[in-house]
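Taken in sequence, the protein lines are chains A and B.
So for the first sequence, this note's numbering puts the first residue at 11; every next one is plus one.
So for the second sequence, this note's numbering puts the first residue at 16; every next one is plus one.
Source of the hints: derived by calculation from the structure; they are not laboratory data.
Do not rely on the hints blindly, as some may be mistaken.
[Said to hold, decoys possible] In the EDC-like style, the derived pairs of lysine to aspartate or glutamate whose C-alpha atoms are separated by at most 20 angstroms in a straight line are:
1) B:K174 / B:D17
2) A:K91 / B:E23
3) A:K91 / B:D17
4) A:K92 / B:E23
Chain by chain, the residues:
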Amino acid sequence: MSDHLATTDHDDHAGHDPADIDRHVRVYIMVFVALMVLTVITVAVSRLHLSVPAAVSVALLVATVKGGLVACYFMHLISEKKLILAVLALTAAFFVVLLALPSLTHSNGFWIPQAEPAHSDDAHK
Amino acid sequence: MDIPYTVEVRRDTGLNNGKIGIWLFLASEVMLFGALFASYILIRTGSPSWPRGDTVLDYRLATFNTIVLIASSVTMVMAWASLMRRRFGTFRIYMAATVLLGGVFLVVKYFEYSHHLHLGEYPSHSNFFAIYYTLTGLHMLHVLGGMVVNAYFWGPGAKLWNTNPVWFTNRVEHSGLFWHFVDLVWIFLFPTLYLL
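All chains, please: the whole structure from these sequences, using the hints.
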């Protein structure tokens, strides 16, 4: 039933020859070095005792770059099929909403009607 | 009955089913850890005071563990590359290194947890320790799960290489995707809990 859906290729491995893999391995080593350097930068910046907003910004920026390197090169997202990228784009959209939820709780949330202050006359009744 | 599309590519998706399956699973994992990160932000911003991570936790141990986990990601991807080069012996060396590095991470974590528990810093000690144990504990379970799967592919699961090397290579690639995700989560946990 499902034969018509299959191709004769063996996934995306079909396009990899030994020279291609050697090139990949060189990239993996470069990414490893970059991740080590970025880890040192993360720790070094934390020793500077910056203000909390600045420290959070720098730490998350460096972590995002590191995470991007892992996702793009070790997880091969840089050459992944569009379907996977579409799934991840949808996930990323929901992830951003999820992380934004705590900020919406400040000042009781903008969608919650603020209670009218009680009139002083009423307060004495 | 054979499992369909473990090696062949589905024409409609352009992928084998295992690849789609692991990515959908990882998408659900993103939301799981995302919910906990959102909880962390909520608890931290709602708290009148919050300790800097490095004043209550040992950031040097965590830095060491970061290096260990990144190194294990490299050995994992090298294990997959070895299979792509048809070098099974090299694959086993890299896979063993990956499992061992995962073990080193857990041993360091054991000493870290022991130290805090010895000081009476249980999850009930403070909001900080509650979220610290929740996030690192869940992450640790993922490391353990990844190690079990990788150890299986290093040992008994490697028999598949003799009968269907492409399928085996795909399986290792998929377990590698999970392992890299675990590394990726730690890349964010490390500064969040230990440095800020």
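Evaluated hints:
1. Our distance criterion of 20 angstroms between C-alpha atoms is met by B:K174 and B:D17, whose separation comes to about 17 angstroms.
2. Restraint check for A:K91 and B:E23: the C-alpha separation of about 15 angstroms stays at or below 20 angstroms, so the hint holds.
3. With a C-alpha separation of about 25 angstroms, the suggested pairing of A:K91 with B:D17 is violated against the 20 angstroms cut-off.
4. For a cut-off of 20 angstroms, the pair hint linking A:K92 to B:E23 stands: about 18 angstroms separates their Cα positions.
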